Amino acid sequence: MEPVLNTESDACGLNSHLNKERTLVQAQRLEAGVPSTPHHLTSVAPGQNQIPNRHTNNGISIKSPPTDVRLLAKDIQEFLEDFYRIYGSFIPLQKRDVLRHLKRKFNTDFSGRKNIVFQEVTKYQDVMFQEPVPCFQVLYKKHTLTLEDLSTLADQNWLNDQVMNMYGELIMESAHHKVHFLNSFFHRQLMTKGYDGVKRWTKQVDLFSKSLLLVPIHLEVHWCLVTADIANKKICLYDSQGNALQKVARNILKYLMVEARERKQTDFESGLGCVVR
1 MEPVLNTESD
11 ACGLNSHLNK
21 ERTLVQAQRL
31 EAGVPSTPHH
41 LTSVAPGQNQ
51 IPNRHTNNGI
61 SIKSPPTDVR
71 LLAKDIQEFL
81 EDFYRIYGSF
91 IPLQKRDVLR
101 HLKRKFNTDF
111 SGRKNIVFQE
121 VTKYQDVMFQ
131 EPVPCFQVLY
141 KKHTLTLEDL
151 STLADQNWLN
161 DQVMNMYGEL
171 IMESAHHKVH
181 FLNSFFHRQL
191 MTKGYDGVKR
201 WTKQVDLFSK
211 SLLLVPIHLE
221 VHWCLVTADI
231 ANKKICLYDS
241 QGNALQKVAR
251 NILKYLMVEA
261 RERKQTDFES
271 GLGCVVR
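In terms of UniProt numbering, the sequence shown opens at residue 1 and continues consecutively.
It should be emphasised that the hints constitute simulated quantities derived from the structure, not laboratory data.
Keep in mind the model is a prediction, meaning the values are calculated, not measured.
Errors might be hidden in some of the hints.
If you anchor each label on the Cβ, the simulated ranges turn out as follows [said to hold, decoys possible]: (1) Leu147 <-> Arg200: 29 to 39 Å; (2) Phe185 <-> Val69: 45 to 55 Å; (3) Gly197 <-> Asn115: 51 to 61 Å; (4) Arg113 <-> Trp201: 51 to 61 Å; (5) Lys233 <-> Gln94: 40 to 50 Å; (6) Tyr167 <-> Val69: 21 to 31 Å; (7) His176 <-> Asp155: 52 to 62 Å; (8) Tyr87 <-> Asn115: 17 to 27 Å; (9) Phe185 <-> Gln246: 17 to 27 Å; (10) Val138 <-> Trp201: 23 to 33 Å; (11) Gly88 <-> Ala231: 39 to 49 Å; (12) Phe136 <-> Asn232: 39 to 49 Å; (13) Leu147 <-> Leu225: 19 to 29 Å; (14) Lys264 <-> Arg188: 23 to 33 Å.
Below, in silico cross-link-like pairs of lysine to aspartate or glutamate (EDC-like), each with a Cα-Cα straight-line distance of 20 Å or less [as the list claims (entries may be wrong)]: (15) Lys105 <-> Glu81; (16) Lys105 <-> Asp149; (17) Lys141 <-> Asp97.
Every residue gets a Cβ at the ideal spot worked out from N, C-alpha and C, and that includes glycine.
Kindly generate the complete structure, drawing on both the sequences and the hints.
If you want it as structure tokens, here you go:
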């Protein structure tokens, strides 16, 4: 890939360099007794110092768009190889990213040829998926995400626990631990074994010193979220499908009331208000 000049100073430097070369060639012609020819009248025989498939835009060299599908496929493949090398996956790739790359490289809108472009992208991805892929993992503290886990974020796939729990860890870090995230297994454990089954989960954490608690809950076919606003003594249930099972929020409310008695937090022993959203 040819370097792209992004600044005005680089373009001026390129023009200066070209002017020097032109002056040098002109001087050599005079020494050899060859009359100088104005630049716009100079004819260049095929193959002699001619740069094919290029044009300039304010001193910046830009490739002309390839007319051969094979050449276009080669450019797309190079882009996809670079993308895969950087991200380790095609999950973050959007089709418009490829069109944007081609437009930037050739200064041409490829929307009219997007079917051909997308076919080449799909063809290359199919080949990559058939090849053995080295183990790719995202590690953060005690959490590990594989490519299979990350693929649950794409399209209409089912989001899994590993992704949910690592994201919760990232939320706590970004909030400087003013927010506490109870992982996706908490509610299930609470329902099957009661308070004693989760009592140790917060042994090192004072929940009532936090500003917000987040409890993700998996309801068979989708996720919902229960939040406990400690400062305002309010529990909210967020359900994108509108099923709003109030008993889910009440389960968390009962847990917090027992936790308050165990921690002697008298302000919270009487409970919190519930809101369904």
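message: Which constraints among the numbered hints does this structure fail? Numbers only, ascending.
response: 6, 7, 16 and 17
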